[in-house]
Amino acid sequence: MHPELMSAAYLAHVWESPVVRQFLEENAVRTVTGIHTVGQEVLRGIRFPLPPLAEQHRIVERLEKHLSRLEVGRRAVERVIERAPELRGAIRHTATSGDHPSAGGCDGWRRGALRDVLERVEAGRSIRCDPRPAGDAEWGMIKASAMTYGEFRADEQKAVPSRTKVDPRHEIKRNDILVSRANTAAHVGATVLVGDCRQRLLLSDKSLRLVPLAGVDRQWLVQVLSSPGVREQISSRATGTISSMRNISQRNLMDIRILIPPAREQSGIGKSIRAQLERIDRLAEQLAASLDRSDRLRESLLQAAFAGRLVSQDPTDEPAGIPLARLRAEREARECSSRPAPRPRRAARARVSLATAPAVQLEFEL
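Just so we're aligned, residue 8 is where the sequence shown starts under this note's numbering, counting upward by one.
FYI, nobody ran anything at the bench for these hints, they're computed from the structure.
Every clue listed holds true.
Below, a list of computed lysine-lysine pairs in the DSSO-like style, where the Cα atoms sit at most 27 Å apart:
no.	residue 1	residue 2
1	K180	K150
2	K180	K278
3	K150	K165
4	K180	K165
5	K172	K150
Sequences are here, hints too, so could you generate the full structure?
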């Protein structure tokens, strides 16, 4: 790249433009390890607009002004998205500790353990499953990931072999409260309330089903188990190495300390938390859509910049073809001056036979 022909900043931006990126993606070669590579021939085949150098500087200045504003807005949105889990935790903590208006204060609340609101805990069993999802007519067993993301995901399951004997008591039903007994350190003890669920779906040995006492609100109980204070207790009681799967035993889970409000207040607390979490979810979706719009706007800016629509053109600018022709001429001159002069050719000594000797001699004589 010659500074008389192209600005380095212009090249950096044009390299990120949709036209160049699409060309590279279409011509890249995928290796056996899944890495995409491009060769020198592909790079030589890249075509992009080359305006006058002065116009390049104007394009870069205007483009970077717009992109910097766009980046500031994008970072602000990303910070809000990053804090969404913290906000969810704060809502759960406030409501389940009696500080939220929906809790009606702490009158009638008591300290207890999780066992005080449960009738029993049920566990699944270990079954060697096929490494594929179960069909509609087959039995499936949930994976740990079915309870990892704050909601029950019935599609996170694998097929139980057809000849395996299944205990129908382990089938998952709507409104079940499931806890991830074994998972990573960040997700052990994750709790979900089952909504819509396919039939023939089983608990695994890595999951527990909590059956609450009559009168205990399930939505409230799920939010309590998902609150920061309870999550910290579960993490501290879990066993196993930090780098591997962590486990929480039924006994340690039942001993978790919680605040128990009167039964008449539990439903209101659970519904209030759920409503606020849904508002956060909707906000998160809107913010994610904003990031998508930001990406599209960035592409539009780059397209406009390299199509000559972002800045006005100045007829007094030296066309890019002039310095390009000058550089080519200088290069050709350097190549000619560095090329060694040809040696004078020596006359080849004639090789004659007896048959041709008289004629050559005559010719030489002439």
